[in-house]
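K.L.:
Got chain A; can you put chain B on it based on the hints?
Line by line, the protein sequences are chains A and B. Residue numbers for the first sequence follow numbering that gives the first Met the number 0, so the first one is 0 and each next one is one higher. Residue numbers for the second sequence follow numbering that gives the first Met the number 0, so the first one is 0 and each next one is one higher.
No wet-lab data here; the hints were simulated from the structure. Model, not experiment: these values are computed from the prediction. Quick reminder that beta carbons are idealized off the backbone N, C-alpha and C, glycines included. Be aware that a few hints might be false.
Label pairs and their computed distance ranges (CB to CB) [what the hints assert, rightly or not]:
1) P105(B) x S308(A): 32 to 40 Å
2) A67(A) x E410(B): 28 to 36 Å
3) E44(A) x P404(B): 16 to 24 Å
Non-contacting residues of chain B with respect to chain A, defined by C-beta distances greater than 12 Å in every case (computed) [claimed, not checked]:
4) G123
5) Q143
6) D483
There are 2 protein chains.
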Amino acid sequence: MRPRRRETARAASAPSERTQRYRQLLNPFDPVRIFSADQVEAMHEAALGILERQGMRVLSPRGRGVFAAAGASVDEDTHMVRLERGLVEQALHTVPAEADLLARNPQRSCRVGGRHVVFAPVSGPPSVSDAAHGKHAGNLADYQDWVRASQAFDVIHVLGQMVEPQDTPIHERHLDTSYAQLTLGDKVPYFYCRGDGQLQDCFDMLRITQGIDVAQFRAAPHCYTIVNTNSPLQLDLPMTDGILYFAEHGQLVIITPFTLAGAMAPITIAGALTLAHAEALFGITLAQLVRPGAPVMYGSFTSNVDMKSGSPAFGTPEYAKAAFGAGQLARRIGVPWRCSSATAANAADAQAAYESQMSLWGALLGGCHFVLHAAGWLEGGLTASIEKFILDVEMLQMFAELFQPVAASAEEIGLDAVAEVGPGGHFFAAAHTMQRYRDAFYSPLVSDWRNYGAWTDGGAKTATERAGRLWHETLAAFQPPPLDAAVREELDAFVQRRRSEGGAPPVS
Amino acid sequence: MRPRRRETARAASAPSERTQRYRQLLNPFDPVRIFSADQVEAMHEAALGILERQGMRVLSPRGRGVFAAAGASVDEDTHMVRLERGLVEQALHTVPAEADLLARNPQRSCRVGGRHVVFAPVSGPPSVSDAAHGKHAGNLADYQDWVRASQAFDVIHVLGQMVEPQDTPIHERHLDTSYAQLTLGDKVPYFYCRGDGQLQDCFDMLRITQGIDVAQFRAAPHCYTIVNTNSPLQLDLPMTDGILYFAEHGQLVIITPFTLAGAMAPITIAGALTLAHAEALFGITLAQLVRPGAPVMYGSFTSNVDMKSGSPAFGTPEYAKAAFGAGQLARRIGVPWRCSSATAANAADAQAAYESQMSLWGALLGGCHFVLHAAGWLEGGLTASIEKFILDVEMLQMFAELFQPVAASAEEIGLDAVAEVGPGGHFFAAAHTMQRYRDAFYSPLVSDWRNYGAWTDGGAKTATERAGRLWHETLAAFQPPPLDAAVREELDAFVQRRRSEGGAPPVS
Chain A
0 MRPRRRETAR AASAPSERTQ RYRQLLNPFD PVRIFSADQV EAMHEAALGI
50 LERQGMRVLS PRGRGVFAAA GASVDEDTHM VRLERGLVEQ ALHTVPAEAD
100 LLARNPQRSC RVGGRHVVFA PVSGPPSVSD AAHGKHAGNL ADYQDWVRAS
150 QAFDVIHVLG QMVEPQDTPI HERHLDTSYA QLTLGDKVPY FYCRGDGQLQ
200 DCFDMLRITQ GIDVAQFRAA PHCYTIVNTN SPLQLDLPMT DGILYFAEHG
250 QLVIITPFTL AGAMAPITIA GALTLAHAEA LFGITLAQLV RPGAPVMYGS
300 FTSNVDMKSG SPAFGTPEYA KAAFGAGQLA RRIGVPWRCS SATAANAADA
350 QAAYESQMSL WGALLGGCHF VLHAAGWLEG GLTASIEKFI LDVEMLQMFA
400 ELFQPVAASA EEIGLDAVAE VGPGGHFFAA AHTMQRYRDA FYSPLVSDWR
450 NYGAWTDGGA KTATERAGRL WHETLAAFQP PPLDAAVREE LDAFVQRRRS
500 EGGAPPVS
Chain B
0 MRPRRRETAR AASAPSERTQ RYRQLLNPFD PVRIFSADQV EAMHEAALGI
50 LERQGMRVLS PRGRGVFAAA GASVDEDTHM VRLERGLVEQ ALHTVPAEAD
100 LLARNPQRSC RVGGRHVVFA PVSGPPSVSD AAHGKHAGNL ADYQDWVRAS
150 QAFDVIHVLG QMVEPQDTPI HERHLDTSYA QLTLGDKVPY FYCRGDGQLQ
200 DCFDMLRITQ GIDVAQFRAA PHCYTIVNTN SPLQLDLPMT DGILYFAEHG
250 QLVIITPFTL AGAMAPITIA GALTLAHAEA LFGITLAQLV RPGAPVMYGS
300 FTSNVDMKSG SPAFGTPEYA KAAFGAGQLA RRIGVPWRCS SATAANAADA
350 QAAYESQMSL WGALLGGCHF VLHAAGWLEG GLTASIEKFI LDVEMLQMFA
400 ELFQPVAASA EEIGLDAVAE VGPGGHFFAA AHTMQRYRDA FYSPLVSDWR
450 NYGAWTDGGA KTATERAGRL WHETLAAFQP PPLDAAVREE LDAFVQRRRS
500 EGGAPPVS
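Just chain A, with the same shape it has in the complex (with noise of 0.2 Å):
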């Protein structure tokens, strides 16, 4: 647990300051149902059914393969595959309950699963905004600025793919966002599957900021990746390819279908969770395969759409259902569950904050191991807005002080200092008070409580405008953690080998 003081050491007389260290945190909550025990059997059931009956529809040869070794029935002509449910039990008998994902800094690791919970940054934006300036497509410093944001706020603990930078080459760009990852930051990082090729320059990359030989690699995750299906009931290549190498490897994969209700998935939330959950098993099923015992987590992003227009729509009452549900699911099969945070807002104004704060409870309350998306995810995910990441850290960080242990002893509900002060008094100079108030409540980064006359006289500025002086003011103080030389010549030689030779084309 996060400690709640300062670890250097200082007087008794002196209390500290409230640290935001929130590194590893625990959910104390237990998860909110929506659903009946029943209701969640019959959904797996139905999903189940889906696999045996319809399947999936394949696109990678060597995927099909894994299957038709294992004994599922493989249409060769249709491309489709069919599971027994035997199967489908058999692998999430090998599913680990719980995985530690390994950090170049030790005390970045973190664990998925059982009460922990992982916050991890926005990830696949083309875009980049902000109040001031609008929209841009991303580029590579956009892409180093976001890692530094990311390493820089405690609450977020893993890195991400938080923009696509779009002014390098598409053969060394996954070079560039894995330099900027292992060098900018020390957190565990997040690889695309776009083909074994660029994998595999990724895994060496990070083995050699880490120090580790591909057998240490292998024992134990040390990244992650995110896998969409292709909702309804399709897997293609280079998702298919993703999860067959993160598996081979050991490293973490989060199959997560991308299922919109009325869209890429029936219209009820029942319907859309169970698309969802056939197509997770699915996959889950392949890792196992692959090799039993891989780190993998069951994905859940099931929203709505607006059925006047087709529009996505995130952060709303259903996307807080479905994940509540999604957990329920989650929970029924003992994998590790990831949900998000999203909004569809186009600003990162009052709208933008209330559906991610839908989103947030209904991933939290639900149970959620691991929220991608945590931090700057804007206008249905296609931008990553600078000011929507300063006002979500505020809110994670709130989170994670949601989730401290509360006490209530004797000395916590402090009785002699109601009687000291009495009826019609206050507590500011109690001693029970200047004991603790230091360090009693959580300090906002972004939250202002100053009076209006005070507030206006400060400029009257909005949570918005806050936040983006906050981002700009973040990135100022940043430095990158140290990194031995020898380890940055070999990297650096690394990746200038790799460019002379070409690169790796992504895979499609």
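P.N.:
The following block gives chain B in isolation, referenced to the frame of chain A:
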């Protein structure tokens, strides 16, 4: 439960749009717990100990008289009243676990307790604000507009004292606010406790509009009030006498200590909750002494202050923890529980949204029965914000939707649709979709789900800007509920007579 389709008959081939008649809400979720059962017991015992050893100062001679007559220890020099635990426990036996609040329009009647949830508008701000014009002291025209807005949305279940109309004379202000509530709305009204004279006028006016005699009025609650203790451990004259008057008349009194940890209460959550619990028990006991079985609620309003500036904070992690804990204490004593939606933000911005969300989730996942300040609260309660009101209505409607039950029948899951669409297809035209698309999902009030281009073409309005426009549209479309001409004539005559008699001065 709210009907999912319009009540009017219509052809089966034309599915109706989803209705938003959120009149009777049932919370399906099991309450979140943050304290262990032992910790709850320790806080309850500590609170009983405070009342036994220290007691509360009661500034009303009548209140002290009621306590003395019941055998409490009353010190007429210090005005301190100490209660044996037997007296408190006896009172708790007679508190109704649930109560029906009877409105003029029976469809607006609502229930407190059990799984029922009631949302009430903001109460008490001296000022009104909007983004375009800033703040101004509240006046009667403002108050009337706030009644109209509170009446207009079904998700607001009762009326309130949404802003103080400072342009009306204080002897007649209760006549003006009651007249607005009773003629512009048909929901359950809120009357301030500012002396028996004012309350008698308010009760008489309510009886006139409902066409009931005193016996009928006293037989069931038709209105509500809030009694704030003067924490720590003090109950002033109008508050004490308000408990007496409401309890005598069988009307709902919500007893709410306002305990800011570190200021008017111990700095710890357990300490602040224990003090609040003691004070609420004290007020509840008084009400039950006056009339065993009188409808009362256990109000909680525990938050923290910024220990650097002393500024109150709301919607903080500590606030949500205190809400969960207060719910546990309320269930320990079996009394319906009131909580709040609050923020310290000075603008209806992202901070206002995320702090209010933290408050609402704390209240609603904590099992709250009655949320005061659920719409319009801004700036620590010092202003009623028109944009915040609309943003809050959106959030409340989202919770109302979250409360709707989910189904998982075979028909609902829609395996036929999955088979019909097949791999890589879409569900927009599936029969399963066509049967449901009109009312499948919540249709938002403020949230804008258009893509960035369409949103930009539409003027790139933030949620706060859209909310401001919706406020004015709501007022422009407002129609007061029907009121019998003879009833209105009688009401007008009553008000005219009482004005000519000089009204009734507030008691303080």
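K.L.:
Against this structure, judge whether each hint is valid.
P.N.:
The hints, checked one at a time:
1. The given range of 32 to 40 Å is respected by P105(B) and S308(A), whose C-beta atoms sit roughly 39 Å from each other.
2. Restraint check, A67(A) to E410(B): a C-beta distance of roughly 35 Å satisfies the suggested window 28 to 36 Å.
3. Against the hinted window of 16 to 24 Å, the Cβ-Cβ separation of E44(A) and P404(B) comes to about 21 Å, which satisfies the hint.
4. Separation of G123(B) from chain A is adequate, the least Cβ-Cβ distance of about 16 Å exceeding the 12 Å criterion.
5. No Cβ of chain A approaches the Cβ of Q143(B) within 12 Å, the least distance being about 25 Å, so the stated non-interface status holds.
6. Non-interface call for D483(B) relative to chain A: holds, since the shortest CB-CB distance, roughly 39 Å, exceeds 12 Å.
In this structure, none of the earlier numbered hints is contradicted; all agree with it.
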